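Kindly produce the complete structure, drawing on both the sequences and the hints.
These are the residues of each chain, in order.
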Amino acid sequence: MTTTTASAESGERTVRKNSPGAARGPRRTGRIKRIGLPYLLLLPALLLELLVHLVPMVIGIVMSFKELTQFYIRDWGTAPWSGLDNYQVSVDFDAPVGEALLHSFLVTIAFTLLSVGLCWLIGTAAAIYMQDTFRGRGLLRALFLVPYALPVYAAVITWVFMFQHDNGLVNHVLHDQLHLTDKPSFWLIGDNSFVALLTVSVWKGWPFAFLIVMAGLQNIPGELYEAAALDGAGLWQQIRRITLPSLRPVNQVLVLVLFLWTFNDFNTPYVLFGRTAPEAADLISVHIYQASFVTWNFGTGSAMSVLLLLFLLVVTGVYLLLTSRGRKTADV
Amino acid sequence: MAPPRSFLWSRRIFLTLLTGFVLLPVYVMVSSSLKPLADVSGKFRWLPSSLTIRPYIDIWSTVPLARYFVNSLIVAGAATVCSVVIAVFAAYAVSRYDFRGKRVFTVTVLSTQMFPGILFLLPLFLIYVNIGNSTGIALFGSRGGLILTYLTFSLPFSIWMLIGYFDSVPRDLDEAALVDGCGPLGALLRVVVPAAIPGIVAVAVYAFMTAWGEVLFASVMTNDTTRTLAVGLQGYSTLNNVYWNQIMAASLVVSVPVVAGFLLLQRYLVAGLTAGAVK
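From first to last, the protein sequence lines are chains A and B. Under the working numbering, think of the first position of the first sequence as 142, with each following residue one higher. Under the working numbering, think of the first position of the second sequence as 288, with each following residue one higher.
It is worth saying that the hints were derived from the structure and are not from the lab. Nothing here was measured: the structure is a model prediction, and the numbers come from that model. You can trust all of the hints, since none of them are fake.
Here are some of the chain A residues that sit facing chain B, going by a computed Cβ distance under 7 Å:
#	residue
1	Leu178
2	Val193
3	Ala283
4	Ala290
5	Leu291
6	Phe407
Ideal Cβ positions, reconstructed from N, Cα and C, are used throughout, including at glycine.
Printed below as a string of structure tokens:
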């Protein structure tokens, strides 16, 4: 490929030298090649996107209008149409299916907001505290990245062990050693499961915020701090007036990415609780998985997925609109 | 200027607490993997009653851990290599050329990144099953099918990061290469790629980690012979007993390569994130 293009170009050069008028022909083919090239480079990515994202999405939408139970899985095309039935079942909040979906949605929202907030807070604080050099900084930085680097299942399964009722570390510390509770608590069933899920999610997620904020801090020019120090601003004031505002564009991307990852997280609750999550920690991904692969109702599961997709599109759209407007006003 | 005392003290307290929080599960993993079964079945003990490496020997026979390891390695490795190569070409096209549909492409790629995996799981499951029924090509349950799905997890993120990274490589560099007689691909491979190595390594690390840690697709789309570590670790819980010491030993064994690799390459990851995601 490289050699053909190179020789075509050298050919073009020789032609042009001999007669300017004759240069048009080869030149045009050269340009066509250039125009075709980006598409050629994109082709593999496009094909894969089609195969694994776009086609499945279309099929998912079609599935949501079908009565797709386990009887039709072998040949889903033959499943009877059911119109909007799956959607009606999903959003009928007085009936069990819709009520459970709404509950799961609200739990997911609460969980996501708390988790993203805590991850951002811890990550930002750690990044700011570690901005200047001190002894052991390099070691700490490496340690802090360990939760991010550990494979999800290995890390979360360790938390499962720690949250065990009879032989877990958490109950041992809280009950046996600190005597904070009357009797050992259950962490992976009942209301406590929300706390357990949140703990694991924050433990796993904050290093990403730390990484991004650290990267963002490197882009703040040092003169800003020097000028502020000359004006008599203390360290805390510098953080509030310079560091945090300068991080705004970084934070806008970070919060959106954290939100989407946490909201869509399946791995953490699945390893923590298994195929059926306790009611208090029933995240939407696991809920849809359960509706589809445990109760074998793929039609309803698809309708729920489409609803989730619409919600995420709206939230992301509104967020991008708000933040870009915010940035514009800040620039003025 | 020396930081004020209040800052130093709050930093000490904060960083100490945070280190404890981060390291607690790591300590549990390491210490429990060296305990006899009785220690992990009864009340939690901070220290083993007797040190044993027995769990590290038993993990290989309780479940076929070696096979799961190889499966994970093949799937994650193949997904990483393909994902990086495809993303390099796509990102180069977007970064260096103006063409029709460029915006549509980038927006599509970016938006697939925000959809939950569960959305693709149901249709892909049915597509794979139906392809298998009608053509006999076993995508469902095969490593190839899993590689295909993993590829696209990391692909949108890789393309996005690399566009940012390639944009930060001065155009003059590859234009000079073009003038010197390189073709566009020559300019990409000889000039842009070498200059963007930190970004490419970052993307590769990310792709490998995502594939190595993925649970959802692995739990639905694998069978006994193609099972990856993510699903295989559940085999240590039997009806009679949960071999927590073996689970912890196995978790440690499957974590060490990834964590070591990550810590070695983290410099690149930070550099890659700075150029790709932050700017």
